[in-house]
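Trainee: Here the protein sequences come in this chain order: A and B. Mapping of the first sequence onto numbering that gives the first Met the number 0: residues 0 to 607, in sequence order. Mapping of the second sequence onto numbering that gives the first Met the number 0: residues 0 to 247, in sequence order.
Quick caveat, the hints were computed from the structure, so don't treat them as lab data. Given the structure is predicted, the values throughout are model-derived calculations rather than measurements. Any given hint could turn out to be false.
Only part of the chain A face toward chain B is listed, based on derived beta-carbon distances under 10 Å [said to hold, decoys possible]: (1) G204; (2) G218; (3) A220.
Beta carbons are placed, not taken as given, at the ideal position from N, Cα and C, and that holds for glycine.
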Amino acid sequence: MSSTDISINHDVNHAHEEHDHHHDQNFIEKYIFSQDHKVIAKQFLFTGIAWAFIGGFLSVLFRLQLGWPEATFTFLEPILGGWVENGKLNPEFYLALVTMHGTIMVFFVLTAGLSGTFSNFLIPLQIGARDMASGFMNMLSYWIFFISSIILFTSLFLETGPAAGGWTVYPPLSALPQAIEGSKGGMTMWLISMALFIVSQLLGGVNYITTVINLRTKGMAMTKLPLTIWAFFLTAILGLLAFPVLFSAALLLIFDRSFGTSFFLSDIYIAGEALSNTGGSPILFQHLFWFLGHPEVYIVIMPAFGIVSEVIATNSRKPIFGYRAMIGSLIGISVLSFVVWAHHMFVTGMNPFLGSVFMFLTLIIAVPSAVKVFNWIATLWRGNIRFTSAMMFAVGFVSLFISGGLTGIILGNSALDIQLHDTYFVVAHFHLVMGAAAFFGMFAGVYHWFPKMFGRLMDDKLGFVHFWLTFVSVYLVFMPMHYIGIAGFPRRYYAWTGFEAFNIFSDMNTFISISAILGFTAQFVFLFNFIYSIFRGRRSSANPWHSNTLEWTTPVLPGHGNWPGEIPTVYRWPYDYSKPGAADDYIPQDVPFSKTQSSNLPQERDFE
Amino acid sequence: MSTSTTLEKPNTGTWDGGNEPLKASYGKLMMWFFLLSDAFTFGSFLIVYGLSRHKHLPYTGDAETFTFSTQWWPIPEKVYNSFPGFHGVDLPLAFVALMTMILILSSVTMVLAVEAGHRMDKNDVQKWLLWTILFGATFLGCQAWEWSHFITGTEQGMLLADGTQIFGANLTVNQYGPPLFADLFFFITGFHGTHVLSGVVLLIMIFINTVNGVYHKRGHYEMVEKVGLYWHFVDLVWVFVFTFFYLI
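Only chain B is shown next, with the shape it has when bound in the complex (with noise of 0.2 Å):
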């Protein structure tokens, strides 16, 4: 029976309370919850592309021969072979190439921002973060051409069965293939962009803040690095759709 000095303490290991475990912020730990989330809506949504493309038959032919046609599911190239100013030439996946570039470069300069938030360097944050808002921004710019040429269509557009022809694609009409697909890209990227939409309002958000010195004075640029998960995030999303909508 013993008092020792331990007495009146609570145990005080990393999970026994009074700490962060996690080592994060609540606000942190919120994001990193709302993102496993979010994974979940867009597993969903992929895994719904995976099942409705299983559904449809491949095109089997050569090819050099290939046409669109309602029967099959298109080749990407075939589809995705256009770029701005190249009017006629077959460039495939260039475009979708160069967005894919310009997104993963507005990551690394979100990166550099974060890292300039530690510092605690305004300048530098305010710099990076420009550059992000400005690929981001390039990057919505460059899925609104790509979506209205996919809705303007080629020139040879496609014939149906009873002798029509249709050009370019929407919910309800596609000329590159079955319905089914011009529905899944528009929304699985449509809902993509929405998100990037919101990332870059938020990161334009922050740009304010930080201009403002608001986060200077609270003493920690944290803000930057949750909006910064959201915007890896996005980018990682981009990359499974890219995956599946282009390569495969």
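Just chain A, with the same shape it has in the complex (with noise of 0.2 Å):
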């Protein structure tokens, strides 16, 4: 046994070292069907901004509605044709509107395109390593993503519309085409789409927990990674264990849709018929559901939890405060992460004693959670900070993260969240905490890492009125939304005109919706200095950030196999900024600490 394995590692350190001198390759090998990490994360990247795009312009088409419920939107026929009649958006296209709006953000953009960008482009560059694990299943994870994309997409365009039962698809309503146009061939697209991007996240989830786990360089211990890679790495752990499970349900749910089976189903009737179903449980789906949907929002978190640690570090000249506290913080997270999931099903019926079990749990994620805040603040403070684009977009993180944790506090308490189950202060809540907080992490990421991915930067005024244009307007969204959302209005509704109660937040709605116009336009900005910037950027140095971390030490456009030479070794944590006594105000990981004897520490002496 142990002479074989001895042969096989041989065999695998030797696959890794030929990239060095590798062969030509064609275009398609190169561009498309490539299997260099670092071509599959720019991939991710394009597919995750053109989604983000058209998952905020449903949001804007939604808003309208809201914002001007009596308006007419006729100028919005040629794009929407059959959903606008007579100059009103079609109620049930507005629930499509909602459902697409969250399903692309929370999978296609936040899921796949953060870390399926980041998790690929930095695994192999910050661990020292020529590429992932295995560079065939990194390229399947990304094209059966976009068979997954290209098939949600089709369903836009449907004469039937696509899934209208809400991102969480619970049944009946999902389950039966009968129910609403939605839940025709949308529903059946929208389940088949997740099913391969669930695939695609398992092909990408293996590979990364195994290339962190076997092909960091020497020296590289686990207490040496940079935090971006312990993020990864336990958001690819939760990803793994959670998406299997939205796996079954979905499975069961394309029979209960499907085949006749009764898994979901009970004892309904449906148009004044009966149906034959009976005997199963649409309170099981949503346990099924939330076993993965609490997770998710950790696996979306995270990875900005990641990056945000890095870049504030890095532009704090600082090393980051409680380092093995962020990684216990993180480890804290991703475990209580699998026992809150009941606290999104408090008003379903279930045993108010569970509830109270479960409140208890969500709660305690606000230590973790707070941990970390208090150790970015810690870092930030008296810290030579430099305000790169990156570096505004983290620090507006850590802003959007307490504004929406707080609100977390509020509705982790089962008492009341009656009142406030599925009104808008849900919405705002998780808008500010997980979405746009996960947004503020990615832009500062795709600002940080900017010039790895194509050897220029970004414009930094453009930058700058990107980040206040978004964070101002991001907080006139959401803000507002938590007064209506105390007042009881309800998500998801397509027009509230109907109720006394509500009209007096017509302008407050209006107001929203106006932020919320602007929020999205912001978002040119950004995208003409990404497009401009990889083009006609300002050429990059090989190390613009004067950042610790091993990208750095790669040439400035990283070839296939990341060094020309040998992986360099790390000595040092990647955190030794402004350290007192050194030459520079920063020292990178492949130091080794007898070339710094003039700042290493008491205990550091041992090693020089």
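Both chains are sitting in their own frames, so use the hints and assemble them into the complex.
Mentor: See below:
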């Protein structure tokens, strides 16, 4: 046994060193079916950006309806065709818009676009590996995601419309094609698309995990990993354990919809006709869904945690405060994320005692989250702050995470949730804490690692314009939503003008819609900056931010295999910024202690 | 400020990088993590089974006088009591016990194939892989028979309240009890069967590779080990499926 293992190890190392002196590739191998992690990361990024604009555009459409409920939208007819009837948005189309906005943003942008981009790009570069463990599976992961994207995108153009039962697709609404138009073909395509999406996540996830475990360069101990890698590693584990449960639920729902089973259906009358389904439980679907769904919000936010930690430490020119506490809190959040799912279901008639257990577990999450926030602020504290665009978004992230996180403590209470459940308060909460915040993490990542991706810098002035417009409009959109939520304004309602109590909020809704349009428009500043900088941006040096992590030891544009020579060896943790006595205010991870004798701490003298 | 020999050397502990801390190649790790993920898929199906069953009433009367009814969950011994060639004879769980034995045997032969791979004994690997494929395919055949029997039903069938007689089971009607009983049976054993089928396909592929000497030239039979992991996992899942559907 042992003898064969040794031969295997040789084989693996050999295969990875071979990337150095490699063959010419044609266009398709290089840019389309590429197995290079950097190209795959860019593919995820471009697809994610495309999806983000689609998802954002859908939200503008339904904000138009909410902001100006009496207006006629005949000008939308050229785009929406039959979905606009006599200048009014079709109510079922409105539901489809909400559903697709949620699905696209949560899964296709903030899961695939965020961790797909940065896990792929940064894991091999920051741990010192030539590529992912399996480049082929990595490529497969992207292309299966791409097929899944195509299917979901196609469903937008069905005559009966895309899925319309909410991004949570609760049965029986989603299980019965008779229920609404959106539960016909659109729902089937949603489920197929999601099943493929999960396969893609699985292929990506096992790759990220094994790469971090097996391919770290010499000296890169787990406790010397940049926090980004810790975040991506735990995100991948979360995805690996949570997505299969959604896969099960989706398969069972496919059977209920298409093959007449009754897993989630029982004793239903629809249009006066009794269905033969009996014995199933729609609540069961909610349990399965939220067993994925809650870890999913951490799958969305944890990569942003990692990126923000890295950006804040680099641009404060200070070691991250509480490195081990940051790792500990990430692990704590990961574990807790699996035992709180039922806080989405307080009002499903669950046992109040069970509710209080889930409430207790939910509120405990505030502790590791607060540890993280405290550490970011402590890192900023008296730092030598450099206001790059990435830094602005990282600080903005901390702000949004605090504002949104505080309302999480309110919503986690099972008693308060009775009033607030399914109101705009919830919408405001999760958009701040995981929607906008994760977007800010993504922006911070794009601005920060753009030079490594494309060898050029993004424009800082446009970056600031983008930041301030986005930051202000995010707060202008979501702060007022808290108020209308407390007043009981329910989410997903097409029209509220029929309710006397809500008419006083019409001005506020118009205001929110204007802010939303402003926020969406601001993203075109980013898009312009992004595309322009790829071709015309200022050329970057190899380490423009004077950062410590290994990716900045590669050439400006790393080729296939990342390092032209040998992979660097790691001697120190990634946060030696402004170390007293050091020549520069940063010491990259591959600098041995023998070269920094002036700055070594007493315990580090042993390594000299 | 001594300049000792350790000067330029990084740490070399188990988790200090530059090695394989779990002493497993990336391919094997990937298989393990995939199986972990798959365990969650099966786990949630079995939880669905448990909760659905819990929602239905159990049969409380005397086992001798048991009849099929949509009112209660059936007793497994009364449902799975047939054996090919023994028409009309009550042999509770005999056939499924045989199936389970065959699958467990296939795990044994798989272990032998992996062991032969460690010895780099090409002929033995071929032999044991072939046995594993044979047992796996036999298991699938047994399952096909069991399904067709379950679908056809018994001669008595079940008398519904409105006087109609139903025979056998499909995804909407079920002569043995509540429709959900049949739904879950078809879905979960079907999902497991799909896994066995993929396993057999994988085994055939590595068998062909072994015959062609691909692994011998490579210098190790790790691929056999990886497929072996998958095969044992599928067997283990069957033990749980068997327990839930046939024993409890």
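Trainee: Taking the closest Cβ pair, is A220 (chain A) under 10 Å from chain B?
Mentor: 4 Å, holds
Trainee: Taking the closest Cβ pair, is G218 (chain A) under 10 Å from chain B?
Mentor: 3 Å, holds
Trainee: A closest beta-carbon separation below 10 Å is what the hint needs, so does G204 (chain A) meet it against chain B?
Mentor: Because about 7 Å separates G204 (chain A) from the closest Cβ in chain B, which is inside the 10 Å limit, the hint holds.
Consistency with the previously given hints is maintained throughout, with no hint failing.
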